[in-house]
Each structure stands twice: as structure tokens, then as C-alpha cells.
Amino acid sequence: MTRISLKIVGASGQGINSIGEIVAKGLKRAGYCVFGYREYPSLIKGGHASYQLDCSNDRVRSAETKVNAVMALNHHGLEHNLADVKESGVLIHLTPEWKFSPEDQKLLRSRKSTVIAIPLEEILKRLGAKPILGNVLLAAFLWAALGQDKDELKALVGERFAKKKNLLELNMKCIEEGFSYTDPAAGRVSVTLPSSDPVWKDHLLVTGSQAMGLGAMHAGVRLYAGYPMTPSSPLLSFIADLQNQTGMVLKQAEDEITAAQIVTGAMFMGARALTATSGGGFDLMSETLSLNGILENPTVFVLAQRPGPATGLPTWTAQGDLLMAIHTAHGEFARCVLAVSDSQDAFDLMPVAFNLAEEFQISVIVLTDKQVAEALYTQTPFDQTKVKVERGKLVTDPAALKELKGTDRYDPNVKDGISLRWLPGSNAATYCAQGDEHNADGTVDETAKNAKEQMEKRMRKLESLKQALPEPELWKIENGKGRITNESPLLDCLIVGWGSSKDTVLDALADEKFGGKRIGYLHFTYLWPLKTERLQALAKKAKKIILVEQNYQGQLGVLIRQECGLEINEKILKYDGRPFFVDELIELIRAKLSFPTID
Amino acid sequence: MPISLDTAGSGPSMKDYHCQTQCTWCDACGDYGVWTAIKRALVELKLAPWQVLLCYDVGCHGNMSDKLLGYRAHGLHGRVLPFAAGAKLANMQVPVIAFGGDGASFSEGVGHLVHAIRSNYPITFILHNNANYGLTLGQASALTRQEQPMNASPNGIPEHTLRSMEFVFALEPTFVARGFTGNIPQLTEIFKAAILHQRCGFAFVDVLQACPTYNHFATHEYLLARCFDANAEGHDPSDLHRAHAIAVDTSRRISTGILYKREDVPSFYDRLVPRKDVTTTCVEEVGMKDVSALWGDLV
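The listed protein sequences derive, respectively, from chains A and B. 212 is the number that my numbering gives to position 212 of the first sequence; each next residue is one higher, with no gaps. Each number in my numbering corresponds to the 1-based position in the second sequence with 1000 added.
Calculated directly from the structure, the hints in this document are not laboratory data. Some hints could be false.
[What the hints assert, rightly or not] Stretches of chain B that chain A covers, calculated by requiring three or more beta carbons in the stretch to come under 8 Å of a beta carbon on chain A:
| id | region |
| --- | --- |
| 1 | 1061–1072 |
| 2 | 1086–1097 |
| 3 | 1106–1115 |
| 4 | 1269–1276 |
| 5 | 1281–1289 |
Idealized CB from N, CA, C, for every residue including glycine.
Throw the hints in and build the complete structure from the sequences for me.
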């Protein structure tokens, strides 16, 4: 598989995202799979930011550390990212009079880099265009370098500026200028793409946050409450921006406790409601999580991870909150923790999460991270026939409601621990959703017998849930393509992971360097309660097991050992806020594989 | 969206709200008065237990949650308002009444009170105000008199007492009432008006009540001697200036009744542009939705 990559760098707020988005959409429409990766500081303006596009005619779902072309919008980017250009790559900058240091010159020469200077300011001045239009001009330059059709770009920019007709003409002029610009010294440059594949044309370009928002709306979420916190904020914004089309109730709450309580109240009433936050906000929600445990109230919380502790690295990524999601909040109660890995999961798992919450009358915590939340995926249009609404033991039939007794609500004798549930406003016997230990109808009852019965009732749900959840998925890579298999093959290496690192692992394993090796990737989507049977079976037939996670402790490894005693000694762990890059991960796995195996 | 009130039928009786669990409050606790008046108000509004949601905070008052029928929720300390607001926004047809004490409402949950009033959520909030933390054995709340020795503050509290009505009026409320648990008929009328105000927005009801065990200052007798019915004396609830004046000045006499009310400010829900002209509730709208029209721009 041939993949090429472009990286636009500059200051936050300079417009690197719009260049990235225009080029990404254009490439996708031209028949390429695109993966967009953003890095930015926790600042509105300034600092160093980048937007990287990795693309191919085959599936791409990760970024590389080195790119075919860097476009630097400021001096800092030029100096900082100069070394990111691959051999025979292109470095584009906007300062024709720039003097490279001797070291930089040496590096550029040794890498055979082509350096292009675009006198952007001068061109814009000549056109009478504001600096913001420079983004379109630069996108057009990249477009030409990629050997793409000018009219396609014009159509795309036309759509983007459909509401700003007065700017359209100037935008078109900028496209012409950008498209035809030739550096007097370097001449025309080209970044050669592999041949296109029309299969990608009808795909969507979505961020994980957009996919998750669509998934939530698809699941029937009608109320969203949230407090802004990166990287959960893009979900809040996406749902908010669509509210006039969806008719949803939206509340930007005064804090995360409020958001969690609003959602708890709305779900108790019988709606489907959602909140999302990041680690610190989730800490604040934890008492409410505990409340939902005893009320047996279905709820769904999205926890978008970033590196902590405390404010940590607000705009970077991590998988460091797995154990927190499983253990946070006081008391013992049943909950479900699952993790999305990309835009597909982000959409598909939202209806699943709501169904699990309602069927088991528990809280479901959906883990995502900054990488999924903000990366741009080339996504097959979502299949909306996969999941139906499942509301478990919810009673709505008027005749059945009449038969209910208040003591049905928390009946401790139900075998699976899941008792009947009915909604306020139903013409039926009433009950109390009681935060104190209570007996069957929610009356406070502190007797030892009752406390034991109710605890056992609630915890039985964890067993029922564990039985209902799927085992982890095994991906096998054959001829550079990954597929899910139900087999239990002999493996040279079994890689175990969860969350967004899946996509980089799969891209890495597709590399020809692993040709001939029997390597499997076992992906845990459902992390609590943890099912380990399949893992144990595969582990027995694998020469080596490697844990891949983006946290310091190897948290899934800790959990696996806790649940089944299996110790995974080989670990590839990353905790610097950056996601795994595909070339980096290839080398890390290769290094592990060259170790002698212990039979 | 209006609350569905079946005013034509014969309606429920007090017995319908009766529950087997016996009351556990101290003898002469003001909670008995709120307990009696709320049932009376619901019955007089012809609301059956299954038609209402009663949400309780944590404190002595929260022990009411299993001393009457109705759909009830007994949640976390300080958090009753956002819970109740979420429930109401999900189903605008159900009257939602939140109960909380002065301890939680003016300390741990004070942020929620601020935003509930400014949001004008269409719910009723009944403040059990006995000016201390009763259930945790008599610590000072933000509304306890500063010089009053309490559990954990034998010298009185260093902080000054929070002027609750000044605070509430600063948040531009749409309904403010004050009642006294010694006057159950008046309290019933206040509760009824406060429940009906859910059609317009947030109703704040300050209920002065004795804590016979821990509040040795504002005793039942103290309140009995000072409370007067402002409406009976001709107070016009639409007069903001006067309402504010009689609400904050409790130095000689304590005004009770409906102190302030306006119905021309839309509630939080009525301000939601996406819900304009929507006749269903979020609860009724649960179901898988086709969202393909929403991803058109992403192709």
C-alpha cells in the first residue's frame, strides 16, 4: 500500500484547519481514503498547531511521523517541522527571503528536499484579498502539487463559501493563483498520489465527535446536557449546532455535576439523554454515577480522555482513565464500561450503550479520547439497521401498568437482578427511586437482611451483563488486510489493546514488514465487566503476547491480571499525549518480535 | 407545554397519598407541616399520586420520600434542582416538585439554586428552612444566625449569615413565596400557586419551620409571633420593589404569602428554539432516528 502524507503547520487560529479540511474533502471526493490528525495547544490563538493528512487508495486510519510535504504558515513551523519532511519530500513556506541555517541546509540537502517559497502576502495584496483568503490559495497550491483537477476544488470551495457570495469571486481568483504558482528556483513540484479508487467518493469525512453525535441522535437521544471541556466539547458543539434540525433539548450546564444530574433526571423520567466530559469533569460526576447505581437508573456517560492528572495536557490524547471509569464512585454497584476506537465505533456503540443501560438498568460509560474525538475519518455511510431500541423490562402497556405493585420496582427476588421499571406519569402504583438503601418499593430499610438482599440483587446484574456482552474481537492480518475472525489460530504474536490505538495497530500490522508472521490483534471494546475466556484460549496458542496501550501502567493489563491471572509482560506503552504513529508502532512491534520467545 | 390537570374529575383524596411508613421526624418538627400541606395542595389540584414527581434532596426533609405516595426520587445532597429540572425537561406534562433544606441549598448546592432561578426551569422548589443542618445533628448552615452556638461551632460561626431573600431576588426570580409550617391552610394555597407557576417557570417557596431539637433561636413560637400574611394585608405580588422590601426585612415582622410573581417571562423550556411548536415530550420521542439527512454535508 502506498500512502502519502501532508502536514500543514502554523499558529492556532491561522487557518491550518481550513486548508486541511478543504484538501481532505477534495482528496476524498477524488477517490482517496484520508485520515486527518490534529495537534494544537490549549490556546485560542498562537502556539504551535498542525493538521496532518495521511491518504491512500486503500484504508488509512493513522498518521505517520514523517510526511511527504510540510506547508509552514509561520517561521516557527518552518523551523520546528523542517525535519519532518521525508526523503525527496517538499517543504513549502511563505517567506521568500528566508535564510536557512547551515544545519538546516545540510539536512534539506541530505534528504533531497525541495523547498518552495510562496510570497503569499504579496499575491494577496495584488489581488486585494484579506489574509484569510490565503488559506484557499495555499489549498489550491497543494491541490496542484497533488496533480488534482482545478474545477473539483472550485466546486468544493464554492460550496464552502455558498453563504458568502461576495467572497466567491475573490476565492476563485485565489484558486487560480495558488494553482498556477511556480517557485522561480524550484520550479513545479509534485507529490505523487497512487491511483484513486472511486469506492471512497461516497464516503463521509467525519470526526469521531461528529460520528458519536450522529450515533447518539440515531439512538434516540433527545436531551443533551454538558459543560465545556476538551476533548468532549466538539460533541457538545456538534449536537448544539444541529439542534434546530433535530429538535433536541440542549443545556449547557453550570458544571458537570449539573449535567450529570440533568441527564439522570431525564433518563429517570424515561427519555434518552446524554452527557459527555473529560477526566476532571467525570470526577465531578462520580457521585451521581453512584446514585444511579442504587437507583438502578439507566444512564450513559461519555468520558473523552486526555492526559492527566489535573488539567494535564488538555488538547492531547491518552487512554489513562480506564481504571478510573471502572472504579470511580463510592460503594459497589454494577456498571458497564466500553470504549470506541474510531468513527465507526463512535456511531455504532451509542445505540448499544443506551440499550445496555436500559436493559440492565445501569450506567454505561463510553470511553473515547482526543484522538477519536478530533481525528478526521473516511467513513462508510453509517448502517442504521444494525440496532433496534431495546428497553429491557420497561413496562408501558396500560393494562400491564395497572397490574403493577410498587414493590415490583426493586423486587430483590428477580433471578437476573433486573426488576420491572416504569416511568413517572404512568397510571400505576408509585415507588420511590431511593438513594438510601431501600426495600422493594423504595422505602428506606436499614435492616441487615434487606441490605444484603438488595446488594445481591444489584450485583447479580453484573453477572447477567457479563454473560450478555460479546467477547473481544480477534483481527487477523492477511495480505495486508485486516479482518475479524472467530477462529482461535496459532499465533507468532498476539497483540492486545483497546480504544483508539486499534486503528494504528491495524495499519501497522498491514505493513509488509510483518509479511509471513502470524500476528493477531485482540481488541477489547467491552472493558467492564471484562470477559477473558477468549483471551486465555488465544494466549495458550500464542508464542508472544504484547499489550499496546496509551497509559503508563498498562491499565488493561492490570485488569486482565486481576480478572484471570494472565500477566502480559511485553508492553508497548505511550503516555506523552501523542497517539501512536504508524511508523513508530511498526518499529516498536518489530523490536518486541526480535526478542527470543519463552516457551 | 401545559401540565395536564384533570380539573373536571372528582380527583384524588388525601388517603390516596397515604403510605404505611411512619414518620420519624422529631416531635414538633416543621416537616410535618410541609408534609401535610403538600398532600393537601396536590389533592386540591386534583393530581393523583401517579401524575406527579416529587424530588427530594438529602436532609431531614428527605425522609419524607417514603412517607407519602407519588413517583418520588431521593437523590444526592445538594443536587435536587438539576435532577428535577432534567426530569421536567424530559416530560413537560408531569408536575415536578423539588424539596431541599437550607443546608444543602445554600451551601453544597448553591450553584444549582443560582442557575435554576436564572434558567427559570418550569419546576417548583420548596425550601425547608429550619436554619441548620438537622440530620447531621445541628451544625450551622449558611442561614443560621451568626452568633448562635451550634454543633461544630460552639462560638457561633465566623461567617456572616447569608441573606437568602436578597440573594434570591438578585437572581430575577419569577415566583417567590414564603410560608410558615404553623399555618397549613396558607401553606397549602402557596404550594398550589407554586405548582401552577410551573406553567410559567421556576417557583421558589421559602418555608420557615422550627427545628425543635437544634434551632433554639427561630423556634415555632418565635415564628408564630412574627409571621403575617402579606397578601391579606393587601400586598400586590406584581410589585417587585415592595416584594423585595418585605421579603428581606424580617427584623420586626416576617412577611408570608405570595410575595412576588410574574408570568410574562418564558420558562427555560419555552425559550428553546428547537422545541417551538413541538407537542410531544422527549420521553415520547424515544426511538431510533434516521439521521442520514444530517450527514449530507459530510460527504
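Hint by hint, where does the structure go against what was stated? Just the numbers, ascending. As far as the earlier hints go, not one is violated by this structure.
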